[in-house]
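Given next are the chains, with one letter for each unit.
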Amino acid sequence: MDFSTILKTVGILAAVSAGLSVIISIAESVLNNYGECELDVNNGKRLLKVKGGSSLLSLLASEKIFIPSACGGKATCGLCKVAVLDGGGPLLLTEEPYISQEERAQHMRLSCQVKVKGNMKLLIPEDLFNIREFVCELVEMEDMTYDIKRLRMKLPPGQTIEFKAGQFVQFYSKPYGKVKEEAFRAYSISSKASEKDHIELLIRLVPNGIVTNYVHTALNVGDAVKMSGPYGDFYLRGNCEELIMIAGGSGLAPIRSLVYDVIEKGLPHRMRFFFGANTLRDLYYMDEFRQIEKDYPQFTFIPCLAFPKPEDNWDGVSGFVTVALQEQVDSAQGKEAYLCGSPGMLDACIKILHDKGFDDQAIFFDKF
Amino acid sequence: MAPNISPLIIFIASIFTSNMILNNFLGMCSYLSVSTEYKTATGLGMAVTLVLVLTTAINWLVYTFIIVPPELYYLQYIIFIMVIAALVQILEMGMDRYMPDLHAKLGIFLPLITVNCAILGVTLFMVIRHYNFIQSVLFSLGSGLGWWLAINMLAAIREKLASAKLPPGVKGPALSFIITGIMAMAFIGFSGIFTIQ
Amino acid sequence: MAAEKIGANFKRNMFTENQVLRAILGICSSLAVTNTMKNSLVMGLGVAFVTGLSSLTLSAMRNVIPHRVRMLVQTLVIAAYVIFVDLLLQAYMPDISKQLGPYVGLIITNCIIMGRAEAYAQSNPPIPAMWDGFFAGLGYTMILMIISLIREVLGFGTVFGFNVNFVGFETWTIMIMPPAAFFIIGSMIWFISARAAKKAARQAK
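Residue numbers (my numbering), protein chains in the order written: chain A, 5 to 372; chain B, 164 to 360; chain C, 255 to 459.
Heads up, a few of these hints could be off.
[As the list claims (entries may be wrong)] Restricting the straight-line Cα-Cα distance to at most 16 Å, the calculated cross-link-like pairs of lysine to aspartate or glutamate (EDC-like) are:
| # | chain 1 | residue 1 | chain 2 | residue 2 |
| --- | --- | --- | --- | --- |
| 1 | A | 196 | A | 227 |
| 2 | B | 202 | A | 100 |
| 3 | A | 168 | A | 130 |
| 4 | A | 68 | A | 44 |
| 5 | A | 178 | A | 146 |
| 6 | A | 49 | A | 32 |
| 7 | A | 121 | B | 264 |
| 8 | A | 168 | A | 44 |
| 9 | A | 68 | A | 146 |
| 10 | A | 360 | A | 334 |
| 11 | A | 12 | B | 234 |
| 12 | B | 268 | A | 100 |
| 13 | A | 158 | A | 137 |
| 14 | A | 85 | A | 146 |
| 15 | A | 119 | B | 264 |
No lab work stands behind these hints, which were simulated from the structure alone.
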């Protein structure tokens, strides 16, 4: 093997690679350098000075304004909408499926797709200003069922969380095992809204789920947990006499928070909670809800077991939640419905509610 | 060394008689997946043409001045592909900065194009046929336009067929191939003009 | 995750998830070289070889490659093996190398190899990854052989260069031209998709 050939090959390859890398770096610093940009938020309420060249979503997050996002900036969830009044450039092809015609008239954009290249004027909903990032300590972790864990987290001293019962937080997992990066997913808060220095979440193990596996295998009591929130449109409206609440699996979380909220605030609403599970071992918080039933006659608990076995001695409703819903809810008069569960369950229940005369304005849901 | 063919003839031939898709089967993956809508097909066609001309021109320079002198022909694949990847990245940044409207339309296609076999293919054809600089530029321009033409035709036909009733299993790639075959047959009618391969 | 058995790996790559007919990958070269069976065989084995070795190498390196340069490293590894195959062909089978032309170099951009690297080699140990890559390439080769059989017999009247046209059949020139390749592969995909759809419908009942 000719030594000079080897030298030539390696030399030229290295030179070309190095040359290209240098060219790309120079191009990046020249072309992608948009200098310092000023973001005017909500007509001067906040003026942010940021370094241009990144997405609006990430730059706002670096300034501690957390716009909700479920897909991590891939333009597949449509949650990160912000009104860009000036400086946003034309609407991108990737944003088009998520911005309706009315929203376009309001200058709505997907903040994960808009690149900050100069000064901008933005309108961000007030709620989002209340969103904070918390690094809490995990103080309790309990197995509620074979696949659902309850996590209780304590906020750092002096910090509190202001949330409406039913809202959710973004929960961050750390790198573990084969997973090299941080990931985040949304979980509804199951603790009482009155308890402002603790947060409780119900997390169900999803096969191959990055964050749920982190919680079920790598997380330990005493660990630090990062969360941001509160987010979400799922909270009590209450322009009615009765609340029909429907949940399955870990969807119970926001409903629990809502129930306690009504009771603690002394609101007059009657509540009927239909909780659906497939087998006996999927049920949890049974004693707690039965106790609430006893203490507060305005609340009725209707657990439904889809596949009861004879040895379960199940005397409650047998079948899917839809069965109980169909039989026990007579009309939509004076009622609002709150649902949280899997898309299949939600679609089936919403159809029944529509049949019974429920308006879309009286139905609130959190699909996961 | 360069063949004695007028660059203009190369240009026209590369659109009609040596069409990248219909004769050389290059760039099929994105051709099949992006041809469902006419608007996006046009966007991709434009992006492919732009990238083709730039990369072929630069690869010609790289070949002539970096590969040929030290006779490192066996390294050409690696070097070409690195140049293509780097170029696409810089193009995307430049477009975003100076032509944001264009970037809004074409931007998402650019990373897809890096692995499009048509780009590397045109460069390799240029090398095999020993084209000079002008011939290479017109060859790549024509190839890009030919590719654009083919994907636009397929998108137009597929949009029309979107509501047609079809036998099971044929919708999707199978149908696209059959349509493309018919288009290829039609283009054979042009082969009387002139051929370059 | 338990390592996939080699038999299951083989069956999956050759039939149920055949890269050409089911995943619609690797089309460019499938159509270009299938005018003779000899070219198809050489190309197919070349792809199988490159895919197998690339998957092996990338799988062995999967825990040390930083995330940001993943695609670049994959491309470089694949390019290296392709150069090797190309030089081998130029040295030992120069006529075939000339006939295949740039399509050997285009193996680098063949979506099958990148696809297997991303889908399998990333998250599986080296030896199963190597088999997965190799069998994916073999599945590709099988399809190429079928297409080229049809094209060569009907277009030239030969099989691997040996005359089989004993009935004086007038060969169909179109078979060796691009349109035929499109029609043949389109029909094959149609057939397989229709069968899969029927099977799914039967199972749903």
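So, going through the hints one by one against the coordinates:
Pair hint residue 196 of chain A plus residue 227 of chain A does not hold up; C-alpha atoms about 22 Å apart against a cutoff of 16 Å. Proposed proximity of residue 202 of chain B and residue 100 of chain A is supported: the alpha carbons are some 13 Å apart, at most 16 Å. For the given pair, residue 168 of chain A sits about 14 Å from residue 130 of chain A by alpha-carbon distance, which is consistent with the 16 Å threshold. Annotation: proposed proximity of residue 68 of chain A to residue 44 of chain A holds, straight-line Cα distance about 15 Å (limit 16 Å).
Of the supplied pair hints, the one linking residue 178 of chain A and residue 146 of chain A is violated, its CA atoms being roughly 20 Å apart against a limit of 16 Å. Restraint check for residue 49 of chain A and residue 32 of chain A: the C-alpha separation of about 33 Å exceeds 16 Å, so the hint is violated. At roughly 13 Å between alpha-carbon atoms, residue 121 of chain A and residue 264 of chain B fall within 16 Å of each other, so this suggested pair holds. For the given pair, residue 168 of chain A sits about 28 Å from residue 44 of chain A by alpha-carbon distance, which is inconsistent with the 16 Å threshold.
Restraint check: the Cα-Cα separation between residue 68 of chain A and residue 146 of chain A comes to about 32 Å, which exceeds 16 Å; the hinted pair is violated. Restraint check: the Cα-Cα separation between residue 360 of chain A and residue 334 of chain A comes to about 7 Å, which is no more than 16 Å; the hinted pair holds. Using a Cα cut-off of 16 Å, the hinted pair residue 12 of chain A and residue 234 of chain B holds, with the two alpha carbons roughly 10 Å apart. For a cut-off of 16 Å, the pair hint linking residue 268 of chain B to residue 100 of chain A stands: about 11 Å separates their Cα positions.
Between residue 158 of chain A and residue 137 of chain A the CA atoms are separated by roughly 13 Å; this keeps the pair inside 16 Å, and the hint holds. Straight-line distance between C-alpha atoms of residue 85 of chain A and residue 146 of chain A comes to about 36 Å, which puts the hinted pair past the 16 Å bound. With a C-alpha separation of about 13 Å, the suggested pair residue 119 of chain A and residue 264 of chain B falls inside the 16 Å cut-off, and the hint holds.
The earlier numbered hints that this structure contradicts are 1, 5, 6, 8, 9, 14.
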